[in-house]
Structures are given as C-alpha cells and as structure tokens.
Amino acid sequence: MKAHPASVALAACALLGWVCGPQPARAHAQATTTVQFDREIVRILDDHCVMCHADRGLAFPLVTYEQTYAARWQIRMDALDHHMAPWAAARGIGDFANDNSLTQPEIDFLASWAESFGPRNNGEVYTQVPATSSAPRLVQAHVDFDRWVLGKPDLLLTLADNKVSPGDAPLIRRTVIDPKLTRERWLRGLEYKPGDRRVVHAVSFTVQETGQWLGSWTPWHGFVSLPATLAYRLPAGSHIVAEIHYYGAQQPVVDQGLLGLYFSEAPSPRALFDVVLAPTSTKILDADLNLMAFQPQLAPGLQSIEVAARSPDGTRQVLLFARDIPLQWPTPYVFSKPIALTKGTQLSVIEHYGSAASSPPQPMAVTFSAYAGAALATGPVQAQPQPHPAPTPTRRYRLAGTVKSVDAAAERLVIQHGDIPGLMGAMTMSYDAGKHEDLRKVAAGDAIESDVVVNDAGTHLENIKITGHGK
Numbered sequence: 000m001k002a003h004p005a006s007v008a009l010a011a012c013a014l015l016g017w018v019c020g021p022q023p024a025r026a027h028a029q030a031t032t033t034v035q036f037d038r039e040i041v042r043i044l045d046d047h048c049v050m051c052h053a054d055r056g057l058a059f060p061l062v063t064y065e066q067t068y069a070a071r072w073q074i075r076m077d078a079l080d081h082h083m084a085p086w087a088a089a090r091g092i093g094d095f096a097n098d099n100s101l102t103q104p105e106i107d108f109l110a111s112w113a114e115s116f117g118p119r120n121n122g123e124v125y126t127q128v129p130a131t132s133s134a135p136r137l138v139q140a141h142v143d144f145d146r147w148v149l150g151k152p153d154l155l156l157t158l159a160d161n162k163v164s165p166g167d168a169p170l171i172r173r174t175v176i177d178p179k180l181t182r183e184r185w186l187r188g189l190e191y192k193p194g195d196r197r198v199v200h201a202v203s204f205t206v207q208e209t210g211q212w213l214g215s216w217t218p219w220h221g222f223v224s225l226p227a228t229l230a231y232r233l234p235a236g237s238h239i240v241a242e243i244h245y246y247g248a249q250q251p252v253v254d255q256g257l258l259g260l261y262f263s264e265a266p267s268p269r270a271l272f273d274v275v276l277a278p279t280s281t282k283i284l285d286a287d288l289n290l291m292a293f294q295p296q297l298a299p300g301l302q303s304i305e306v307a308a309r310s311p312d313g314t315r316q317v318l319l320f321a322r323d324i325p326l327q328w329p330t331p332y333v334f335s336k337p338i339a340l341t342k343g344t345q346l347s348v349i350e351h352y353g354s355a356a357s358s359p360p361q362p363m364a365v366t367f368s369a370y371a372g373a374a375l376a377t378g379p380v381q382a383q384p385q386p387h388p389a390p391t392p393t394r395r396y397r398l399a400g401t402v403k404s405v406d407a408a409a410e411r412l413v414i415q416h417g418d419i420p421g422l423m424g425a426m427t428m429s430y431d432a433g434k435h436e437d438l439r440k441v442a443a444g445d446a447i448e449s450d451v452v453v454n455d456a457g458t459h460l461e462n463i464k465i466t467g468h469g470k
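All letters in the sequence shown, in the order written, are residues 0 to 470 by numbering that gives the first Met the number 0.
These are computed hints drawn from the structure, not numbers from a lab.
So the derived label-pair ranges between C-beta atoms look like this:
| hint | residue 1 | residue 2 | range |
| --- | --- | --- | --- |
| 1 | Asn-120 | Ile-349 | 47 to 57 Å |
| 2 | Ala-277 | His-468 | 56 to 66 Å |
| 3 | Gln-345 | Ala-168 | 34 to 44 Å |
| 4 | Glu-183 | Val-240 | 15 to 25 Å |
| 5 | Gln-250 | Leu-154 | 31 to 41 Å |
| 6 | Val-240 | Arg-38 | 37 to 47 Å |
| 7 | Ala-270 | Val-148 | 18 to 28 Å |
| 8 | Val-148 | Ala-265 | 18 to 28 Å |
| 9 | Ser-335 | Gln-103 | 12 to 22 Å |
All C-beta atoms, glycine included, are put in the ideal place defined by N, C-alpha and C.
All chains, full assembly: derive it from the sequences and hints.
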C-alpha cells in the first residue's frame, strides 16, 4: 500500500520540527569561525586605525569594507612588521594610557583575514523578504572628529593660521596662544583639534612663562587628562605655546587648530613640575616622586631608548623600552596610573644610535611630568615588585592544516587549519614554531600535522610533521 504524498510531506514536517503552513519570512545565516570585516576587523579599525586612516586624514581611508579590502595586503604586511599602528614601546614594559599598538591576536586576525581573501560577513542569506523590509545594516569603521572626549571645554581657543606647502620638509611651527587669564587658573585637562588632519602629526603644549610641559597631542590620543584633584597652575597673564609638527603636505594647506581648556576651581593639592633628564645621566631622587608622563626628544639615527628606575634596595624597574622609533611620530608616554618612586631611587635614560657619527652633538633630553610626595589615592600604591602568579599549566592541542606561507628566519608560518577542539575553530593564522623545529623543510602548500602548545609564554607549534607535499 502506498502512502499518500500529502501524508509523506506532513510526516517530514513533523520529523524536522517544522510547522507546516504559511510562516513569516526569516533571515538565516551559516555559522562560521572565519575572521570577518563586519565583526573582528571593523573593531580593530575603530580602536587603532581610523584616527589617521579616514577621509581628509593623514593616510588613505580605511572606513568602508571596499577601502579596507583593497588595502588588505598592505595592512597585513604593516601589522606583521609592526609598522602600524605607530607605537614604538615594547609590549609588556610599562602600562600606558595612550598605547596604540596592536595585540598579537589583533595582528593574527588581520593576517588571517587577508589570507582568507577578506570575507565581509558570515554569508547572510535572506529569503522571502518583503520589498519594504530594510536592507542589512551597513557596517563600517567610524570616528567622530567633532566630539570632545572630555566634554564641552571651559574655554575654547582658536590658534593662528599656519600655512604648509607641498614639498616642505618635516617642520615645526611654534604658535603662542593667549587665554587672557585675569587671575590664576588650575588646568586639569586640555583637548586639541587640528584644522587640517592631513598634515598634523603631533603637537606639544608648554607654558611660555615657566616652560612647564602640559602634555602632547597625537592623532590617536588627542587630549591630556590629569588624575583627579591634580592640576597645572597657570599664572594670571600666562600664555600657552603649541609646537605643531607638520609632515607630508600634498597640496597647499592652511591649518587652524582649536584648543579646549578644562579648569578646576580648587587648587591642586600637589605642585606639578618637570623633571628633565639627559641620556646617559642618572638622577638620584631626594624625595618621593610620582611620574605621570614623559616625552623624549627624538634625533635622526636614534635606534632605541630605555628609561629605568633603580630603587634603594637594588630592584631595577624598566619604565620604557622603545626601538625603531619613527621620527615623524614624536609621541608622549602617558602612564595609566602615576608611577610612585621612593626617595633615593636612581632614574636613568639610555639611548642608542646607529653609529657614533649619528649621535646628536647635544644630548636629547627626556621631560617627565611629576609631583612630589607619597602617592595620592588616585595613583597606585606602588612600586615594590609583586610576586609572580603560579604558572599556567601547559596545554597541548592537535592541529591539521595546509601551510600558506613560511618565514624560516623569523620562525613563523601561516597555516589554514580546521577546527582545533578545545582551542579554536577553523581559521587561517600565523604561528611561532618551537625552537627545535626546522622550517627549512616546510614549504607553502604542504599539508602538516602538529601539536599546538599553549602556556604563559604564548602559543607555538611542536612536532611538525609533513603529511603531504604541495604541488
């Protein structure tokens, strides 16, 4: 006896958990672990890139999917080479509020996305969507240059015009700003907006009458905000000097920036002052000191700079180690919390140049912004070495995939692999190789199996075995 076709259809509906009959249209999508522009990449652009890579910005725009897709190989190369974002401080040394460097997972995401031909999203499929329904939301990076991060300024000042011509070498223009202070004021913060972002790389602010450094602006950190209750003293009648670094004009530009000042009505409980230290010299602190920020002067040929503090008990703390510092990005280093140093601490700066001939005739000083005394409640209770946490047990996972590229000198390779149960889904990623692995035997296109070793030192591959050679 044959079943009626309608009965078969109803049984199929029941087995699949469906309700037969007219249903509202629903959008559905395939599940995927692929790195996507709409998910991982746009977040990286928002956090690190669009401050410079925007329309009428310093560099080519990376706002839309199409713009980013077209530049994906350049992005991959700059991320892997640590050329972008422009931040020279070594990761893990110092905790800085204006750190704009990419984390290793972010670098891996960018490399994987480029190697995977730049997928936009997870392949959403819309069926039976009424013509009146809205289209899928367009995802793109976003930056709001008009927003004041610190809120509406208490005083807004317009700087004088600066004209920059095509072909000009990198130059610094000094502009004096008169806030017309009729009485002493206490400055708790400032925020700057360039008139033309295509040519402004950095701005440093000082008080003309005292020479005190107030802080600096960069495209990715455009404000100075002091810890609660602290403020710089601005004497009545004082002026603010802005040293503006211009670079790379492609056409005649007239730049007229805006400076917002934020005042505190109460005087600062601690006097803020500069500590200026020349390289190769050491300063022994004659009182407890708290460092809030510092800015080194840069000179051609500079390869690296180290700032360190040795406490009276002999403990040495490296506050900054930076290398391959791009001269076109004079960057301050702003501590997330003030660093408390005790009386008798030796504060030192060491700089290395490419050769003796490239060393500047005069030492390039480092200026620290600091206040004396014990750490305030707004700062850390510091700074004795903390005991190291117990090491995380080493974990091992099994990987099988195809080699996309090999860098034997750097001991890294990019692999397109399937799911790694317990660790991650299918993905194309860059991996370090263990110190005993010989990558000279591995070539792009080879199929491999390997152990993925995860511990406190990071992630690397061990026991790499070639299971098939590429054509």
